Amino acid sequence: MLIPISIEENNIDTSDTEISNSTFKDLKLKEEHIEEFLRKNIEVIFGEEESLLIVGQQVNNKEKGRSDLTAIDENGNIVLIEIKRDADDIKSRKEAFEFQAIRYAASYAKIKSPDVLVNKIFSKYIEKHKEEFELGDLTPAEKGKRIINDFLISNNSLKTFNQKQRIILVASSFDTQTLSAVAWLISNNVDISCFSIMPLKINNQVFLQVDRILPPSSIEDFYVDIEDNKEIEIGKNPTEIIRTNLPRMPKLFEWGLLKKGDKLYIRNHDKESSTAEVIDQRFVNYKGNKITYNQWGQDVTGWSSICIYEWAVKLDCDRTLDNLRRAKLQEINDGE
530 MLIPISIEEN NIDTSDTEIS NSTFKDLKLK EEHIEEFLRK NIEVIFGEEE SLLIVGQQVN
590 NKEKGRSDLT AIDENGNIVL IEIKRDADDI KSRKEAFEFQ AIRYAASYAK IKSPDVLVNK
650 IFSKYIEKHK EEFELGDLTP AEKGKRIIND FLISNNSLKT FNQKQRIILV ASSFDTQTLS
710 AVAWLISNNV DISCFSIMPL KINNQVFLQV DRILPPSSIE DFYVDIEDNK EIEIGKNPTE
770 IIRTNLPRMP KLFEWGLLKK GDKLYIRNHD KESSTAEVID QRFVNYKGNK ITYNQWGQDV
830 TGWSSICIYE WAVKLDCDRT LDNLRRAKLQ EINDGE
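Under our numbering, the sequence shown is numbered contiguously, ending at residue 865.
Please keep in mind that the hints were generated in silico from the structure rather than gathered at the bench. In this text the structure is predicted, and so the values were computed from the model without any measurement. Any given hint could be a false lead.
[What the hints assert, rightly or not] Computed list of lysine-lysine pairs in DSS-like fashion (alpha-carbon distance at most 27 Å, straight line): (1) K641 / K620; (2) K857 / K780; (3) K639 / K653; (4) K800 / K674; (5) K639 / K693; (6) K649 / K620; (7) K843 / K816; (8) K569 / K557; (9) K623 / K641.
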């Protein structure tokens, strides 16, 4: 899938489109540039189907190891995100990419409570990026505890905090030894994934081509019902993100589940202060600003990424978009 590196709305004239491969090196982008972009736009990896909260950056352990990005997912797991620019960078390091990540994940296994996570990692992150947080009279530690507790309670994962650790490896390309090692780890039930992010130029704009390399999709994900493929959406716009066979915003509009002018709010948050007005398939009006659905959800919750379908509630029926789309799918299936 293609994601624009700029956050601006994209209007691409595909009648005379020039597409060319590029590299981060060609663009003079270093590993730290990629890290900072992903820190602010982690949804390009995890998409709209997962909620995530970034809680750390460049975290040091006692053995002087340093991890790139740290997050917690909606199940309360600590997620370690390690980034390398390309296969050459992976090969040039003294320590294997995947082994380095495993050592960091082992350190995170010792974090037994949200308070420990805040004190050791998240408060330092907030202090480093305090312009992104409304601290008021709160200390970074107090703010961090409020944010994490809200995230865990909202996702019903307070009791399952850090029961396991996830590892995400990100690079524009991987060497065969890394992929072989990761495949073996996956087969032995280690929660580790590889995502490739490759810059691509379309006309004069740079996009990221994002693909999950490992673990592979289940074979059923490739099956298409020849007679009825209504659940499969093909993006007409080259910037549209397609991740799963669950209906996306275009289908919700086509079905009439959403339309311009509808009001949405974020569940578990104050209706009045979190309500946004639907503009179209990509944007809502929130507090006078035209922003994406995901950005609206992130602004309301303070999370780094949000599964907007599970959290956006339609005001006139008090049902989430996920409830509505699943009910429609069930209706279609019952009618067949």
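Of the numbered hints stated previously, which ones are contradicted by the structure, given in increasing order?
The structure breaks hints 1, 6 and 9; every other hint is satisfied.
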